[in-house]
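Build out the structure end to end from the sequences listed, making use of the hints.
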Amino acid sequence: MSGQPGNLYWFPPGKPVYVGPHHYLPDGMVYVGTGLRAVSGRMAEPALIDPYLPLGRPVSRAVQIGYWPSYCGVDPNCRATYLNWLATGRCDRDVDIGYVFLFFYGLERRLLTELAPSNDPRSEWQYLLAELTRLLHIYTGSGSFQSYGRSLLDYAQTLNASANYVPPGPPRERQGYELPSSVRLTLGTFAAQGKPLPWEWAFAWYTCHPEVSLRTPAKRCDKEFRTLFGWRYVGQYGHGMLLKPNKTMLSVSHRPASASFMSREFVAKTTLPDVSVQRKPFAAIAELARKAETDLEPYSRWLGKNPEGRGRLEAVALLPDELAQQHRGAATKEIREWLERLVQDKPMAALKAEELFQWIAPARADKLTKKETVVLAQLLAKLGYGLEPDVRFGGPSLRAGDWATVFRLAADAPMAASEGYLAAALLADLFVAVAAADGSLGREEYDLLVRHLREQLVLPAREANRLNGHIWWLYHAKPSVKGLQKFFAAVSEDQKRALSAFLIQVVCVDGVVAPAEVAVLERVYGMLGLDQTQVHADIHQHMSGATAPPTEPVIVREGQPEIGVRIPAKAADSSEPAAPLDMALIQRKIAQTADIAKLLAGVFEEEEEGVPAAASDAVAGVCGLDGAHTALLQRLQEHHELGRAEFQELAAAHSLLPDGAIDALNEAALDLCDELVCETSEDDIQVNPDVLKEMLAAP
Amino acid sequence: MMLDIKPRDRDAIVQSLRAGVVPRTGHQHIQVGRNNEVKALVSDIDRVADGGAAIRFVIGEYGSGKTFFLFLVRAIALHKKLVATHADLTPERRLHSTGGHARSLYAELMRNISTRANPDGGAMPNIVDRFVTSALTEAQAGGMNVSGVIQKRLEELSEMVGGYDFAHVINAYWQGHDTGNEALKSDAVRWLRAEFATRTDARNALGVRTIIDDANFYDHLKLMSRFVRLAGFGGLLVCLDEMVNLYKLTNTVARNANYEQVLRIVNDGLQGISCGLGIIFGGTPEFLTDTRRGLYSYAALQSRLAENTFATDGLVDYSGPVIRLPNLTPEDFLVLLARLRHVFAVGDPARYLVPDEALQAFMNHCAKRIGEAYFRTPRNTIKAFLDMLAVLEQNSEVEYTDLIEAVAIAQESNPDLEPLPDEAEVETGAPEQDDDELVSFKL
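For the protein sequence lines, the chains are A and B, in the order given. Numbering-wise (the numbering used here), the first sequence opens with residue 2 and increments by one. Numbering-wise (the numbering used here), the second sequence opens with residue 2 and increments by one.
One should not assume that every hint holds.
Estimated spans, in silico, between C-beta atoms of each pair [as the list claims (entries may be wrong)]:
1. B:Glu358 / A:Asn161: 53 to 63 Å
2. B:Arg112 / A:Trp69: 41 to 51 Å
3. B:Asp388 / A:Thr114: 32 to 42 Å
Since the hints were made in silico from the structure, they are not lab data. Cβ atoms here follow ideal geometry from the backbone N, Cα and C, with glycine treated the same way.
Encoded structure:
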């Protein structure tokens, strides 16, 4: 270029320009010349490339050129770097974002002050917007550039007044303190057209909302959070939620990044409704999202402890159901196939417990801890299988050499035992234990008994599955019950009667009494110290209806025979075929067994490995705290800040629960010096060393 | 006497007041007047801490500082080692409903539940942890089974409505902790916070048969108050603000059902039946005495809440269930401005930004601009005063005399006094509304 002052400044797209001898800018889109003033008139235009200004040597591209750069204001080396970047296609990812901004200032000026909006794809307006979109895809690392760039793009597209405008994609996070215009525009467009809101935009509405602060699970497991939200949104709303247009109209504003404008604001009014002011649809979306955050919490916490653990089976066990079922990790695939092979088309499979150990890498090879058993059970449950014995349902933890059963879970299978289930399971335990006590029952009888039990203890389908698994496990494992005799001896007379009556009831519930059952009952009567021959009398009494279930009216006072009308004799009904089972009655009976269950619970409870007494018993308390809390306080001296998981372990070492311990320590600290000793956030705990010292010094 | 002011309190107070909301901490620094009212409530709190019951209606005009007063009481309760919680009533959160609105009020209360060490809400795990820890300690000392100890300690709850499942859920929390079952633990907390919407979900997650729902809202408050005592706290203080929302219910049946619930609470409170539970209602005068829609429209409540007929002509009785908050006087207001100046200077008189005369000048200006309302509804006036101090702090060359005349103060209007919507207009086209409100639709 010839360098006459006062010539045209803007080189439109495709018009090449030389700046000095070395810099050939092939496709324009810059202001070149001298003397152009800023839009505000208060300074030289920051985007103007003045060819007479000295150029140095290009420096490292990453050298920052500072905020609010201007071409005439930066040093000669940076100018050379800038021209290099322009000359090489404006796509170098490593360049300092300041250079991109310098170029952006030019686009901003051209779009906002010199061009008229146009929908023609060959227009300069559209060309510049395409260039801006290209840059936004390259320089994704700068939040500031993304924010200004998107804001300009949204504003410009709004000016185009095309009601069909849908921004290229939802923004990933909020920039600044407002819901991004692109989100507001899209919401308005969908509402105006009566189209359902796709999940990506619903998600952006939540994540970019100014009142939302994302919780740790949403940040640490952002992909999982996104997916979970998406699935659940689609599950609930199908193609999407329908938004109602409201009367408030949407206007989109852009505050230019370039200093040229002196923070002038550009506002574009639209005819779209501003849906973002509606509380109701947002509340529904927010509830969905918050639930997803909460459901990801266990998984997120585990990842906090094991940052590299994504995809490990222990992690899959903690995922929300939907995510676990769809999990495609290698390990997940392997165990899923293994389970398929194991169970195949049978309802359940029995196996040696150690075969299961491989999946969760336990600390010891010979047995799992309670916690490990829970992880295993949770993992299998996520994949659609149940495990017996299951700690969560009152079973013992697994040991190598023991039997276990794996079975398919019903879709709505509970994750905790109901009373009815506990009672039924205990009863099965009792029957099998008694039957197996001295092995005098024949194999066939034993099989029959087990089959019978399964038929008799009727539970809703969602629990029946597990009970079957449990009985199958009992069948294989024949858990020995050492204390049975002792237990029966200690039962009071009333309890004995209640227990025997209950057992009779259960045995007779289907109207058929199997010989094996009678044998078991005889033995129980013996153990209870009751007359064994009484069994037959009791069964007879029950079968003949003498001991009516308590659901019928109870006789309060015997009536006196009165002379009156002769009542016809009752028709004999004993010959009638067995009536179909009264399911409701069975349900009721099982529900009534809570007391019996409590009674029996004592026998079968695994010998609890006595909770080890905390090492802190000997510690003298300070500040009115007990020994355990004081010991914990002392241990905190070693830390200024510690992760939640670390604190949990520390608390557990002193037999304390974490949140309660923090509460108690802080309460004592407030009493002493009106300051907190532990400041907590979702992820970590900060210790105030001054307060700590003061507390430990206090009597 | 001026107390020491911590920078953290100072920031909290200044920020909240400038935003026009009641600060969460540091109330003692800016509480002015109302000594007798505070004393009455402190005695309530002491009674609750002794295992008694308390019931109060704090009645004040719009903008007179009800909410501030409730927060102050809440802070005192926390200081005295009670568990405290608060919630505003809204059209979606009520004491009685068949459409989930009472459960949603309970859920809000449980989300806001606070202890002294955790005054910003969300303290449910802290409370349960402390209970379980104490059971754990007892079990260790006696070589017993932890579940057994929990069961024994919660025996007294089991006889109350919902108590059996409550105990079961606490035990589930312990089981979850003991077996590393985070899901079980968080489900237990969700149950306690009334976040389970259906029985089926609760049964599958925890094996319980019931959930906290509309029907057992108050029973569960009573359970919770006993439980916090078992966990080592003094009792439970519940602040229910914006009771005017019941007054605004257009449907008579729904409104009366809510007042019936109030009556039940009042009866229990006055008879001392609810143990370790204090409930404070905050509302405007029309909520109390309007004979068409207010509490006085419900005869049984009117007779219980009628004020002492001897307490007239300046005599007051603070022992009745109703406490009427007087408006601030200009003198109170001057003291308040002085306090604010003191707080702003972090308690250091050398750092006062304006001299004493400025306070008077500011009041004169306000009186000129919006009349006597400036001390009756002080929210905007306080905000303006703090804004002025903020400008003075950042621009040391500016004199307060330059600023005072420029201070703009908006007059406040009471949104509750706007005419209630015509019954036909009420939330048309909202099918998910409670069915007891459907009665008010005109087709």
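Tell me, which hint numbers fail for this structure? none
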